[in-house]
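K.L.:
Spelled out, the chains give:
Number of protein chains: 4
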Amino acid sequence: MTDMTETTPGWLSPEDLESARARMPILYVDAVPVRVDDKGVVTRVGLLLRIGSDGLVSRALVSGRVLHHERVRDALMRHLEKDLGPVALPHVPASPQPFTIAEYFPTPGVTPYHDPRQHAVSLAYVVPVAGDCRPRQDALDLVWFTPEEAVSPGVQQEMTGGQGTLLKQALAFAGRLV
Amino acid sequence: MTDMTETTPGWLSPEDLESARARMPILYVDAVPVRVDDKGVVTRVGLLLRIGSDGLVSRALVSGRVLHHERVRDALMRHLEKDLGPVALPHVPASPQPFTIAEYFPTPGVTPYHDPRQHAVSLAYVVPVAGDCRPRQDALDLVWFTPEEAVSPGVQQEMTGGQGTLLKQALAFAGRLV
Amino acid sequence: MTDMTETTPGWLSPEDLESARARMPILYVDAVPVRVDDKGVVTRVGLLLRIGSDGLVSRALVSGRVLHHERVRDALMRHLEKDLGPVALPHVPASPQPFTIAEYFPTPGVTPYHDPRQHAVSLAYVVPVAGDCRPRQDALDLVWFTPEEAVSPGVQQEMTGGQGTLLKQALAFAGRLV
Amino acid sequence: MTDMTETTPGWLSPEDLESARARMPILYVDAVPVRVDDKGVVTRVGLLLRIGSDGLVSRALVSGRVLHHERVRDALMRHLEKDLGPVALPHVPASPQPFTIAEYFPTPGVTPYHDPRQHAVSLAYVVPVAGDCRPRQDALDLVWFTPEEAVSPGVQQEMTGGQGTLLKQALAFAGRLV
Numbered sequence: 086m087t088d089m090t091e092t093t094p095g096w097l098s099p100e101d102l103e104s105a106r107a108r109m110p111i112l113y114v115d116a117v118p119v120r121v122d123d124k125g126v127v128t129r130v131g132l133l134l135r136i137g138s139d140g141l142v143s144r145a146l147v148s149g150r151v152l153h154h155e156r157v158r159d160a161l162m163r164h165l166e167k168d169l170g171p172v173a174l175p176h177v178p179a180s181p182q183p184f185t186i187a188e189y190f191p192t193p194g195v196t197p198y199h200d201p202r203q204h205a206v207s208l209a210y211v212v213p214v215a216g217d218c219r220p221r222q223d224a225l226d227l228v229w230f231t232p233e234e235a236v237s238p239g240v241q242q243e244m245t246g247g248q249g250t251l252l253k254q255a256l257a258f259a260g261r262l263v
Numbered sequence: 086m087t088d089m090t091e092t093t094p095g096w097l098s099p100e101d102l103e104s105a106r107a108r109m110p111i112l113y114v115d116a117v118p119v120r121v122d123d124k125g126v127v128t129r130v131g132l133l134l135r136i137g138s139d140g141l142v143s144r145a146l147v148s149g150r151v152l153h154h155e156r157v158r159d160a161l162m163r164h165l166e167k168d169l170g171p172v173a174l175p176h177v178p179a180s181p182q183p184f185t186i187a188e189y190f191p192t193p194g195v196t197p198y199h200d201p202r203q204h205a206v207s208l209a210y211v212v213p214v215a216g217d218c219r220p221r222q223d224a225l226d227l228v229w230f231t232p233e234e235a236v237s238p239g240v241q242q243e244m245t246g247g248q249g250t251l252l253k254q255a256l257a258f259a260g261r262l263v
Numbered sequence: 086m087t088d089m090t091e092t093t094p095g096w097l098s099p100e101d102l103e104s105a106r107a108r109m110p111i112l113y114v115d116a117v118p119v120r121v122d123d124k125g126v127v128t129r130v131g132l133l134l135r136i137g138s139d140g141l142v143s144r145a146l147v148s149g150r151v152l153h154h155e156r157v158r159d160a161l162m163r164h165l166e167k168d169l170g171p172v173a174l175p176h177v178p179a180s181p182q183p184f185t186i187a188e189y190f191p192t193p194g195v196t197p198y199h200d201p202r203q204h205a206v207s208l209a210y211v212v213p214v215a216g217d218c219r220p221r222q223d224a225l226d227l228v229w230f231t232p233e234e235a236v237s238p239g240v241q242q243e244m245t246g247g248q249g250t251l252l253k254q255a256l257a258f259a260g261r262l263v
Numbered sequence: 086m087t088d089m090t091e092t093t094p095g096w097l098s099p100e101d102l103e104s105a106r107a108r109m110p111i112l113y114v115d116a117v118p119v120r121v122d123d124k125g126v127v128t129r130v131g132l133l134l135r136i137g138s139d140g141l142v143s144r145a146l147v148s149g150r151v152l153h154h155e156r157v158r159d160a161l162m163r164h165l166e167k168d169l170g171p172v173a174l175p176h177v178p179a180s181p182q183p184f185t186i187a188e189y190f191p192t193p194g195v196t197p198y199h200d201p202r203q204h205a206v207s208l209a210y211v212v213p214v215a216g217d218c219r220p221r222q223d224a225l226d227l228v229w230f231t232p233e234e235a236v237s238p239g240v241q242q243e244m245t246g247g248q249g250t251l252l253k254q255a256l257a258f259a260g261r262l263v
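Residue numbers (the numbering used here), protein chains in the order written: chain F, 86 to 263; chain W, 86 to 263; chain R, 86 to 263; chain P, 86 to 263.
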């Protein structure tokens with residue numbers, strides 16, 4: 086952490102502060118909930134079902150910000166509990182190494198990932214879930230798909246911001262891309 | 086990117102803005118510059134030599150922030166060029182997957198990494214460097230160490246904030262931890 | 086290496102020896118040759134073009150056995166030089182960790198990978214290649230494809246034994262699956 | 086799998102067959118059993134305790150061969166059950182990607198790993214174990230160590246063939262190297 090010139094106190098002038106959120110990448114986590122068999126093979130992928138204000142159906146991964154002074158694995162657990170309920174029993178991996186990073190840019194096309202609101206960089210993990218999932222918050226449902234279904238055009242088209250690509254990367258990492 | 090409640094416009098009140106920097110983890114990259122032989126085996130690790138305002142010698146990895154609207158690999162290249170000069174010829178890995186993440190907390194002991202100024206989460210990469218390195222900025226020199234030397238108590242004690250541990254993790258990833 | 090009962094001298098009787106090759110998985114390496122830009126982004130994937138004895142065109146990764154007393158990275162270099170010629174300048178990754186393993190089974194359907202001749206387990210690597218490629222041996226040509234072309238049905242159908250899937254996994258690992 | 090010249094039928098003459106085992110690398114798996122907390126943090130590492138024919142104590146990872154027509158994750162489960170008993174409840178990772186490979190050479194010094202009997206290449210995994218461990222076979226006991234204890238000189242000296250190094254690599258991968 087030797088980057089003194091960029092991080093000395095006062096690097097943000099008062100007027101700069103107002104655009105602080107716009108000027109820093111926001112740290113996120115993405116979790117791909119999966120069911121595994123007794124040998125660890127991924128058999129299903131869980132996607133959240135949402136209805137937008139426009140009435141459109143969308144499917145999404147578990148995703149959200151990492152807060153100040155929060156460990157990445159605590160953020161993962163918090164978002165998994167928020168989206169899957171308190172008895173989902175997620176098994177966050179022993180290694181903090183994400184299987185990939187997803188760089189969501191406000192400008193489309195810079196990377197496969199896009200978020201019109203902000204520049205977010207997400208650490209992505211495959212998380213086996215052993216318990217009972219009860220979606221909360223704004224999600225209507227959690228639906229389990231086979232790997233074949235998850236990469237089908239129908240499901241892929243219902244995912245936004247590049248999360249369909251991220252899902253395929255997760256399946257490739259798990260040796261289950263078809 | 087479904088975390089609407091936390092990221093809707095206006096989540097930062099004016100008074101909140103002043104503490105924005107303190108309230109969000111800052112995204113960093115750490116690069117471990119290495120020399121490799123013609124088979125790709127890591128033979129040397131490069132560490133920057135610095136003299137602090139207190140006169141103390143410290144050794145450091147290439148490290149720095151990711152800027153808004155900057156890709157992680159562009160940030161890596163920028164910091165490598167800043168610290169190693171324009172003809173270092175770094176080979177940033179083809180995969181964006183970091184070998185680990187280093188969570189620098191302002192509170193010591195939460196993780197092995199510590200930064201008193203801020204909560205920073207760093208994506209860490211091993212970067213083979215083929216060219217001529219000419220340290221710039223505040224670094225006095227770049228010194229190449231064998232893996233054995235890099236993990237020796239003498240060198241480890243000159244590294245701060247947990248970067249000695251991160252260096253050992255890089256060597257473990259490269260199959261060169263001794 | 087504590088598996089004494091399976092590996093004590095004499096575990097193979099003379100008659101067993103004849104079927105030794107059939108009874109052990111054979112260790113392979115698969116290399117996905119890629120071109121990268123100056124930031125390390127994969128821009129092209131190289132596939133070998135072959136004409137089978139049946140006149141059919143097939144496209145293949147660089148692939149082959151690991152020999153006794155040969156390091157995995159030496160096997161990678163040997164097969165890369167055999168297939169791409171002596172001035173291809175491959176950059177074998179600094180880490181020995183493969184991006185995945187491909188388990189080629191003689192029985193189709195056990196895994197996505199199939200080899201009718203044998204049970205082979207392959208360690209798979211993405212290898213940036215900087216030099217001039219001159220295919221040798223039984224390959225007619227090496228053709229560079231964009232990631233988009235490489236995953237197109239036309240190219241995928243010309244790949245056999247599951248190597249089309251392995252190629253998609255390599256692109257996913259490199260953040261270039263489309 | 087294009088390596089036709091090396092794998093056509095008949096590549097082993099009868100006299101060659103007798104040395105077949107000596108001439109091929111043997112595929113192994115190494116598993117590092119760990120206890121994790123409810124966030125996935127590794128809190129303990131399990132090592133098997135053995136007494137050699139010379140009366141010397143040694144500590145070992147779960148390790149063994151992959152058999153013909155056996156998937157790598159089936160081999161992992163078989164060796165884990167063999168060494169830890171039937172109710173250990175191991176959670177084999179969802180991804181087949183090993184955290185590293187360990188190349189055990191019969192000649193010391195080629196790599197950090199050594200096996201005087203053979204050239205073995207091992208795929209290494211960190212495996213969280215949730216159940217009750219009851220060592221069987223030739224192991225006297227399974228002892229759980231903290232990461233600090235596991236890398237201490239006392240424990241490291243009781244590990245042979247480079248498994249002490251492999252254990253340190255596993256802890257580095259899990260972000261728990263101290």
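A couple of the hints might just be wrong.
Selected chain P positions facing chain R (Cβ under 7 Å, derived; list incomplete) [unchecked claim]:
| no. | residue |
| --- | --- |
| 1 | Met109 |
| 2 | Pro110 |
| 3 | Leu112 |
| 4 | Arg158 |
| 5 | Met162 |
| 6 | His176 |
| 7 | Pro181 |
| 8 | Gln182 |
| 9 | Val236 |
| 10 | Ser237 |
| 11 | Gln241 |
| 12 | Gln242 |
| 13 | Met244 |
Restraint ranges, calculated between C-beta atoms of paired labels, are given here [stated by the list, open to error]:
| no. | chain 1 | residue 1 | chain 2 | residue 2 | range |
| --- | --- | --- | --- | --- | --- |
| 14 | R | Thr192 | P | Pro193 | 52 to 62 Å |
| 15 | R | Gly140 | F | Val172 | 57 to 67 Å |
| 16 | F | Val228 | P | Pro238 | 33 to 43 Å |
| 17 | F | Leu141 | R | Gly170 | 24 to 34 Å |
| 18 | F | Arg108 | R | Pro191 | 13 to 23 Å |
| 19 | R | Lys124 | P | Glu233 | 49 to 59 Å |
| 20 | W | Leu174 | R | Gln242 | 17 to 27 Å |
| 21 | R | Thr128 | F | Ser237 | 43 to 53 Å |
| 22 | W | Asp159 | R | Gly170 | 47 to 57 Å |
| 23 | W | Asp159 | P | Arg219 | 16 to 26 Å |
| 24 | R | Glu234 | P | Glu233 | 29 to 39 Å |
| 25 | R | Val172 | W | Thr128 | 16 to 26 Å |
| 26 | P | Glu166 | F | Thr128 | 14 to 24 Å |
| 27 | R | Gly170 | W | Gly170 | 48 to 58 Å |
In case anyone wonders, no lab produced these hints; they're calculated from the structure. Treat the numbers as computed from the prediction; the structure is a model and nothing was measured. Using N, Cα and C, we set each Cβ at its ideal position, and we do this for glycine too.
K.L.:
Work down the list of hints and note, for each, if the structure agrees.
P.N.:
Each hint tested on the structure:
1. The beta carbon of methionine 109 of chain P comes within 6 Å of a beta carbon in chain R, closer than 7 Å, and the hint placing it at the interface holds.
2. This hint holds: proline 110 of chain P has a C-beta 5 Å from the nearest C-beta of chain R, less than the 7 Å allowed.
3. Taking 7 Å as the C-beta contact cut-off toward chain R, the hint placing leucine 112 of chain P at the interface holds, the least distance being around 5 Å.
4. This hint is violated: arginine 158 of chain P has a C-beta 9 Å from the nearest C-beta of chain R, more than the 7 Å allowed.
5. Hint status for methionine 162 of chain P relative to chain R: violated, with the closest Cβ pair at about 15 Å, above 7 Å.
6. For histidine 176 of chain P, the shortest C-beta to C-beta distance to chain R is roughly 19 Å, which exceeds 7 Å, and the interface hint is violated.
7. Taking 7 Å as the C-beta cut-off, the interface hint given for proline 181 of chain P holds, the closest approach to chain R being about 5 Å.
8. About 5 Å separates the beta-carbon of glutamine 182 of chain P from the nearest beta-carbon of chain R, less than 7 Å, and the hint is met.
9. Because the closest C-beta pair between valine 236 of chain P and chain R is about 20 Å apart, greater than 7 Å, the hint is violated.
10. Evaluation of the serine 237 of chain P hint against chain R yields a violated restraint, the C-beta minimum of about 21 Å exceeding 7 Å.
11. Of the supplied interface hints, the one on glutamine 241 of chain P is violated, with its beta-carbon coming no nearer than about 16 Å to a beta-carbon of chain R, more than 7 Å.
12. Checking glutamine 242 of chain P against chain R by beta carbon gives a least distance of about 17 Å; that is not within 7 Å, so the hint is violated.
13. The closest approach between the C-beta of methionine 244 of chain P and any C-beta of chain R is roughly 11 Å, which is over the 7 Å cut-off, so the hint fails.
14. The hinted range of 52 to 62 Å is not satisfied by threonine 192 of chain R and proline 193 of chain P, whose Cβ atoms lie roughly 39 Å apart.
15. At roughly 60 Å, the beta-carbon separation of glycine 140 of chain R and valine 172 of chain F lies within the given 57 to 67 Å, and the hint holds.
16. Taking 33 to 43 Å as the suggested C-beta distance range, the pair valine 228 of chain F and proline 238 of chain P does not conform, at roughly 53 Å.
17. Range check, leucine 141 of chain F to glycine 170 of chain R: Cβ separation about 53 Å, and the 24 to 34 Å hint is violated.
18. Against the hinted window of 13 to 23 Å, the Cβ-Cβ separation of arginine 108 of chain F and proline 191 of chain R comes to about 57 Å, which falls outside the hint.
19. Checked against the hint of 49 to 59 Å, the pair lysine 124 of chain R and glutamate 233 of chain P fails, with Cβ atoms roughly 40 Å apart.
20. About 39 Å separates the C-beta atoms of leucine 174 of chain W and glutamine 242 of chain R, a value inconsistent with the hinted range of 17 to 27 Å.
21. Taking 43 to 53 Å as the suggested C-beta distance range, the pair threonine 128 of chain R and serine 237 of chain F does not conform, at roughly 29 Å.
22. Range check, aspartate 159 of chain W to glycine 170 of chain R: about 33 Å between beta-carbon atoms, so the 47 to 57 Å window is missed.
23. Taking the beta carbon of each, aspartate 159 of chain W and arginine 219 of chain P are about 53 Å apart, not inside 16 to 26 Å as hinted.
24. Separation of glutamate 234 of chain R from glutamate 233 of chain P is about 52 Å and departs from the stated range, judged on CB atoms against 29 to 39 Å.
25. Distance hint check for valine 172 of chain R and threonine 128 of chain W: the Cβ-Cβ separation is about 23 Å, which falls inside the suggested range of 16 to 26 Å.
26. Restraint check, glutamate 166 of chain P to threonine 128 of chain F: a C-beta distance of roughly 21 Å satisfies the suggested window 14 to 24 Å.
27. About 33 Å separates the C-beta atoms of glycine 170 of chain R and glycine 170 of chain W, a value inconsistent with the hinted range of 48 to 58 Å.
Hint violations for this structure: numbers 4, 5, 6, 9, 10, 11, 12, 13, 14, 16, 17, 18, 19, 20, 21, 22, 23, 24 and 27, all remaining hints satisfied.
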